Structures are given as C-alpha cells and as structure tokens.
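Participant: From first to last, the protein sequence lines stand for chains F and E.
According to our numbering, the first sequence is numbered sequentially starting from 490.
According to our numbering, the second sequence is numbered sequentially starting from 33.
Check before you lean on any hint, since a few could be wrong.
What the hints assert, rightly or not - Short, incomplete list of chain F residues facing chain E, as computed with Cβ under 8 Å:
| hint | residue |
| --- | --- |
| 1 | Glu508 |
| 2 | Ala528 |
| 3 | Glu530 |
| 4 | Gln555 |
What the hints assert, rightly or not - Examples of chain F residues toward chain E, derived with CB under 7 Å:
| hint | residue |
| --- | --- |
| 5 | Cys547 |
| 6 | Ala552 |
| 7 | Gly554 |
| 8 | Gly558 |
| 9 | Ser559 |
| 10 | Thr606 |
| 11 | Gly659 |
| 12 | Met671 |
Source of the hints: derived by calculation from the structure; they are not laboratory data.
Predicted, not measured: the structure shown is a model, and the values here were computed from it.
Here a beta-carbon is modelled for each residue, glycine too, at the ideal position from N, C-alpha and C.
Single-letter residue listing:
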Amino acid sequence: MRVNFTVNGRPQQADDVWEGESLLYVLRERLGLPGSKNACEQGECGSCTVRLDGVPVCSCLVAAGQAEGSEIVTVEGLAEYARQRACGTGGCDTSAECGTSGDEARRWSAHGTDSATGEGTELAPIQQAFIDAGAVQCGFCTPGLLVAADEMLERNPNPTDADIREALSGNLCRCTGYEKIMDAVRLAAARQGEGA
Amino acid sequence: MDFLRPASWEEALAAKAEHPTAVPIAGGTDVMVEINFDHRRPEYLLDLTRVGDLYEWETGEDSVRLGASVPYTRIMENLRTELPGLALASHTVASPQIRNRGGVGGNLGTASPAGDAHPALLAAGAEVEAESVRGSRRIPIDAFYTGVKRNALAPDELIRAVHIDKADGPQQFSKVGTRNAMVIAVCAFGLALHPGTRTVRTGIGSAAPTPIRATAAEEFLNAALDEERLWDSGRSITPSVARQFAQLCSAACNPVDDVRGTARYRRHAVGVMARRTLMWTWESYRGNARTMEGAA
Ligand SMILES: Cc1cc2nc3c(=O)[nH]c(=O)nc-3n(C[C@H](O)[C@H](O)[C@H](O)COP(=O)(O)OP(=O)(O)OC[C@H]3O[C@@H](n4cnc5c(N)ncnc54)[C@H](O)[C@@H]3O)c2cc1C
Ligand code: FES
Ligand code: FES
Numbered sequence: 490m491r492v493n494f495t496v497n498g499r500p501q502q503a504d505d506v507w508e509g510e511s512l513l514y515v516l517r518e519r520l521g522l523p524g525s526k527n528a529c530e531q532g533e534c535g536s537c538t539v540r541l542d543g544v545p546v547c548s549c550l551v552a553a554g555q556a557e558g559s560e561i562v563t564v565e566g567l568a569e570y571a572r573q574r575a576c577g578t579g580g581c582d583t584s585a586e587c588g589t590s591g592d593e594a595r596r597w598s599a600h601g602t603d604s605a606t607g608e609g610t611e612l613a614p615i616q617q618a619f620i621d622a623g624a625v626q627c628g629f630c631t632p633g634l635l636v637a638a639d640e641m642l643e644r645n646p647n648p649t650d651a652d653i654r655e656a657l658s659g660n661l662c663r664c665t666g667y668e669k670i671m672d673a674v675r676l677a678a679a680r681q682g683e684g685a
Numbered sequence: 033m034d035f036l037r038p039a040s041w042e043e044a045l046a047a048k049a050e051h052p053t054a055v056p057i058a059g060g061t062d063v064m065v066e067i068n069f070d071h072r073r074p075e076y077l078l079d080l081t082r083v084g085d086l087y088e089w090e091t092g093e094d095s096v097r098l099g100a101s102v103p104y105t106r107i108m109e110n111l112r113t114e115l116p117g118l119a120l121a122s123h124t125v126a127s128p129q130i131r132n133r134g135g136v137g138g139n140l141g142t143a144s145p146a147g148d149a150h151p152a153l154l155a156a157g158a159e160v161e162a163e164s165v166r167g168s169r170r171i172p173i174d175a176f177y178t179g180v181k182r183n184a185l186a187p188d189e190l191i192r193a194v195h196i197d198k199a200d201g202p203q204q205f206s207k208v209g210t211r212n213a214m215v216i217a218v219c220a221f222g223l224a225l226h227p228g229t230r231t232v233r234t235g236i237g238s239a240a241p242t243p244i245r246a247t248a249a250e251e252f253l254n255a256a257l258d259e260e261r262l263w264d265s266g267r268s269i270t271p272s273v274a275r276q277f278a279q280l281c282s283a284a285c286n287p288v289d290d291v292r293g294t295a296r297y298r299r300h301a302v303g304v305m306a307r308r309t310l311m312w313t314w315e316s317y318r319g320n321a322r323t324m325e326g327a328a
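One chain only, chain F, in its complex shape (with noise of 0.2 Å):
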C-alpha cells in the first residue's frame, strides 16, 4: 500500500509499503532516514523514539498505515523543529533567524543544509548539550533520547531529576550509565531558561 505523511516538514510517499510494517522500517528503509534506531521491536528501548503529531511514540510499535496523514519528526529534523519553536516562542534575538534570511538562503545552499535528513543544519539545544557534557558514549541511544528529551523540555522546561528521569524512563542506555545523560539535560534546561 501506499502512505503519505508528513517528515521533517516534509510531505513524503512511501509505495509498497507491507499492510504490517512499522513506521520505524518505513522511515529507515524507504525514507533514507537512518537516524530512528532500531533495536529491540518491542517498545522497550526507546531508540526509535519518534515525535507522531507531536507525541513521543516507540515508531517500531506504530503501523505504518496508522501514521497516514501525520507529522512525524525524527532526530533528523530535531535542529530545525527546535530552531522553528524557539522562533514561534519569540525565543530568537533576531528576526534574521526566523524565516530564511538571505544569509542563510546561500548557507543552504552551500553546505546542502537540508531539513528532512539534518544535514548541514546546526545542532538543536539538546543535541549541543550531550555534546557538549559528554552523553554520548556508542550513540546507538542516542536519537531516541535526544527526541524524548527535546519533547520534555518543550513541555516541562524547568524539570526536576525525578522530572527528568520519569520522561527518559522509557529510554535505555547500555554505556554511559545515564549521570552524563542526566547532566545534559540539565545543562539543556539551563541554557534554555538563560536564553528565554
């Protein structure tokens, strides 16, 4: 069968598709869109934590059929879903950034910045943040949380460690032990309460 959703602010096509595929396979096998991990196909890693309508989802446990018409948002599109929040929140110092100033018109172009893969674009807050505090051990983890993360934030932007903890609850790391992990989204919160 057919599907039609929306990717990264991108309307996308998938032919084929198997009537019991996952949305995970469809985005990583037809959609060139590796980021989404998969792991375990039981909901229980949260490596393919995807954002369906705004709502953080295992994609491994959604039909493909069942994302029909929706917006799904994968780590891929994590930088320019945050930058466009950050711009609707007034959270931007210049207009330049809101929009596609002329400077960054030929940036894009340049770098091949393109929104539905992330290439080229710059790091989301919370991307930055694992970064930057040392989250990120084998990154296999990786883009799960940083989707469930980003999401927390945007919703709880004050978390406390219980907070916090609770919302990652659903995602597992084998390497860094999560304190690195928890640093950083504390990190994240931080900055985010200084740029506001």
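Take the given structure of chain F and dock chain E with the ligands to it, following the hints.
Facilitator: Coordinates of chain E with the ligands only, in the frame set by chain F:
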C-alpha cells in the same frame, strides 16, 4: 494482509462484521510486537486510530464512560480524582512512549492476566460496552475475562468504551515487577473502598489464568468491618483482621511458576500487597472521616 482504515465508529463496526477475523489495532503496543516477531500474521488489520469517539471520555453522575482508546497518559492526567485506582495503575504501565499510545481497550482486548488495568477495573467496578452491527451490550467486568488471554467479545464485536464507577472512597494499586518500562508485572493488586455501599472490592493480576477478585477475602472483610462497626467509628483495622484478609487474598490466587517468579512468591507477594493497600486506603478513609467530623 489488508489494512482497513474506517473513518468512523459505524464504519469500524461494518468492517468488523464483514471481516470477523480482522485484528483491531489501536495503540498497537501489543499487536505490533506480535507482528514484528512474526507471532501473528492477521489477514486484516483494522486500524481504529481514526475513530475519534474512542479517544473521548464523559464523566457522568456515577461513572465515567472511558473511550476504548484513551491513552494511559490522558487517564493519569485527567481522571485521577474520578478513577484514582485506574490512574495509579496507568502510571505503572511501561514507559511514557507506550502510555502515549496504549489504552484500556487494548488491555481488555489482549486480556492478559498481567494487564495492569484489570485489577483496577475489578476493584472499582466496571462494565465493558461492546458493540457490533447487531447492537450494543454491557458486559460486567467480572464476566469479561473468560480464560488465558480470552475475553467475552463475540467475533464481530468491538469495545466502544468502559463504564467505570466513580470512586466513592480511597483506591490503591500495587505491583511487583522489574523496572517500569519492562513488560509485564510479576503480580499486581488493586483495592477500592466503597463507603457508599460499605464494601471493599479487590482485583488481582498475574496470579491466576485470568484477572480475578478475591471474593472470599472481600466477604470476610466486609463482615468484619460491619461487625466491628468500623465504617462508622473510623477506628483502625485490627492486625488480625488485616492478616486474615491478606491470607484469603493469597488463597484466591492460582499462580504458575515462570521466569518472572514462582507460584509461592506470587502468593506471598499478593498477601503483602493486600495488607498494604488495605492499610493505605483505610488510613486515608479514617483521615477523611476525622476531618469531616472536625468540620462538623
Ligand atoms: C515495552 C512494553 C511494556 C508494556 N508494559 C505493560 C505494563 O506494564 N502493563 C500492562 O498492562 N501492559 C503493558 N504492555 C502491554 C500493552 O501496552 C497494553 O496491553 C496496552 O493496554 C495495549 O493497548 P493498545 O491500544 O496498544 O492495544 P493494541 O496493541 O492496539 O491492541 C491490543 C489487543 O486489543 C485488541 N483491541 C484494541 N482495541 C480494541 C477495541 N476497541 N475493541 C476490541 N478489541 C480491541 C487488539 O485487536 C489486540 O488484540 C506493555 C507493552 C510494551 C510493548
Ligand atoms: S526499537 Fe522500538 S523501542 Fe526498541
Ligand atoms: S551511548 Fe551507547 S547505548 Fe547509550
């Protein structure tokens, strides 16, 4: 495989009548696991996510009509006052990602003895609103679970909603298991005080082939509370009554040994949870009774 995408409840019922073997899929948190692991290859998947009615709830005089697909997250956020037991149980289901998708309709559809909604529904008192093109009926929750992962739905029926009695007293839910985001409880226990009818109801998960009530334990406790006039006096429940209640709850279990725990452990844990949830709810009832007296 065919993917059926009804846009309304009527269309969904018509599709289920035409294809009784079609497997409904709501949040997909049970169905997709089975498909991903090749445990199930249904001929038809019947997607219910376009049926908006299933995502709504109405709070009536005595009960809440909870749409079959209302996600656990919504129940936790919005129905804590009316349905405290179910809200507590919802909070223990898996992870935020799963709770954003899964709901009570799917839990009832799967009818796993380990489903966390069941003890809460059994303790609160509930009816399942099942519908087909032939008509609608209400199945009392006690009659809904018919065997291991079997329920009372006819092949052409779908769950439209669950009618759950609004809490008229404190309710609790307790669960033994590994970390939340891991599947299935070792065992679970729900308890609700109903001061209106001066009864206590229970629900036990994962300790028998189906979710069950500990009816003998309920009868014993109701009689003991009555005899000692505790509903009126608001005095504490004596340790011996609590102990016997816990023992009868353990005795109601018919558990199995499996990788998650032994039968003996489950029986023991259910007794512990029964005693604790009784104490928590009763102390809260006494506290409320005292404040009301103080105010009067
Ligand atoms: C990682 C993980 C952890 C989990 N942890 C828990 C847990 O802690 N506690 C727990 O109770 N469960 C747990 N589950 C199981 C699952 O999330 C729940 O059973 C959930 O309630 C299912 O709801 P759903 O909407 O996703 O159901 P679906 O998967 O869409 O459907 C489940 C079943 O119900 C049927 N169905 C769905 N809607 C209807 C309807 N309206 N009418 C008739 N039949 C219908 C389907 O055909 C299917 O047989 C977990 C699952 C995963 C993947
Ligand atoms: S791959 Fe989806 S939760 Fe693990
Ligand atoms: S960094 Fe390796 S799993 Fe988290």
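Participant: For each hint given before, does the structure comply? Return the numbers of the non-compliant ones in rising order.
Facilitator: 2, 8, 9, 10, 12
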